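First to last, the sequence lines map onto chains G and E. Under our numbering, the first residue of the first sequence is numbered 29, with each subsequent residue one higher. Under our numbering, the first residue of the second sequence is numbered 29, with each subsequent residue one higher.
Just so you know, the hints here were simulated from the structure itself, not pulled from any lab data. Given the structure is predicted, the values throughout are model-derived calculations rather than measurements. There could be a bad hint or two in this list.
One copy or any two copies: either way a pair holds, since identical chains are not told apart in the list.
[What the hints assert, rightly or not] Below, in silico cross-link-like pairs of lysine to aspartate or glutamate (EDC-like), each with a Cα-Cα straight-line distance of 16 Å or less:
1) K106 to D78
2) K89 to E163
3) K106 to E144
4) K89 to E144
5) K89 to D153
6) K106 to D153
7) K106 to E75
8) K106 to E42
9) K106 to D129
10) K89 to D48
There are 2 protein chains.
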Amino acid sequence: MSSSTCEFCNPRGETVVWSDARCRVLHVTDAGFAGFCRVVWNDHVTEFSDLDEADRNHVMKVVVAVERSLRNLLSPHKMNVASLGNQTPHLHWHVIPRYRDDSHYPNPIWAAPQREGAAHALPRDFAARLRSAIESALG
Amino acid sequence: MSSSTCEFCNPRGETVVWSDARCRVLHVTDAGFAGFCRVVWNDHVTEFSDLDEADRNHVMKVVVAVERSLRNLLSPHKMNVASLGNQTPHLHWHVIPRYRDDSHYPNPIWAAPQREGAAHALPRDFAARLRSAIESALG
Chain G
29 MSSSTCEFCN PRGETVVWSD ARCRVLHVTD AGFAGFCRVV WNDHVTEFSD
79 LDEADRNHVM KVVVAVERSL RNLLSPHKMN VASLGNQTPH LHWHVIPRYR
129 DDSHYPNPIW AAPQREGAAH ALPRDFAARL RSAIESALG
Chain E
29 MSSSTCEFCN PRGETVVWSD ARCRVLHVTD AGFAGFCRVV WNDHVTEFSD
79 LDEADRNHVM KVVVAVERSL RNLLSPHKMN VASLGNQTPH LHWHVIPRYR
129 DDSHYPNPIW AAPQREGAAH ALPRDFAARL RSAIESALG
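I would like the entire structure built from these sequences, with the hints used as guidance.
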């Protein structure tokens with residue numbers, strides 16, 4: 029896939045919660061998993077190991093800021109973090125709050141559903157709160 | 029789960045490819061995905077964001093060394109990296125070489141299989157070569 033056909037190089041309808049020159053944090057509002065976020069590297073890079081050490085440490089610092097912010101805001105039972113990119117080979121990290129009563133727990137969200145899954149409402153002004161928490165976590 | 033019942037605190041039958049005082053690299057020989065490795069944090073920690081920055085950077089340096097080594101040794105089509113831990117909440121990173129003709133591609137390995145999946149033989153002395161490659165990548 030070239031950058032001209034890549035959905036992260038040519039975004040449509042992203043909900044950007046936070047960004048800097050190197051990466052951006054998206055809230056995946058249609059995922060069925062409340063609070064699901066993605067950390068997307070802005071440049072069209074395929075693998076995590078294509079980044080140099082400074083860039084790797086930077087993106088993981090943002091991933092951790094998102095993870096900590098989601099833990100503080102939502103108190104999930106577990107956090108799941110993954111960089112897959114088989115369908116869209118542009119480096120992005122999924123950061124997913126998981127609950128014992130969600131549709132797939134304890135399996136990964138890509139496995140077969142286990143149950144209908146309880147609704148987990150987000151706090152009011154979630155995106156603004158998340159942005160503020162990420163900024164605090166990044167210091 | 030306490031450390032007394034945790035399979036990564038009380039390992040049985042692990043194939044340890046490389047280790048240091050903080051973490052170890054396992055070759056998951058029974059996974060059905062040739063070259064599947066796990067990077068396991070030695071202490072019983074649940075989430076990536078429970079580590080401090082130095083430890084996070086260390087474990088990701090090892091994850092990247094494994095990813096680069098697997099890319100060099102196996103030339104997969106894509107690499108998948110994930111920290112899930114819903115079933116075993118002890119910090120570990122899956123590092124998985126993926127091929128267009130593997131059983132699940134382009135879906136995650138936890139999804140429903142797509143086909144029987146081609147066999148991908150490992151090079152002779154794979155564990156020894158992988159250890160050597162990880163050591164080189166870590167410098």
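Against the structure, the hints:
1. K106 to D78: Classified as between; 12 Å across copies, 28 Å inside a copy.
2. K89 to E163: within (11 Å within a copy, 25 Å between copies)
3. K106 to E144: neither (19 Å within a copy, 32 Å between copies)
4. K89 to E144: neither (34 Å within a copy, 39 Å between copies)
5. K89 to D153: Intra 24 Å, inter 36 Å, cutoff 16 Å: neither.
6. K106 to D153: neither (23 Å within a copy, 37 Å between copies)
7. K106 to E75: between (25 Å within a copy, 8 Å between copies)
8. K106 to E42: neither (25 Å within a copy, 25 Å between copies)
9. K106 to D129: within (12 Å within a copy, 32 Å between copies)
10. K89 to D48: within (12 Å within a copy, 23 Å between copies)
The structure does not agree with the numbered hints 3, 4, 5, 6 and 8 stated previously, though it agrees with the rest.
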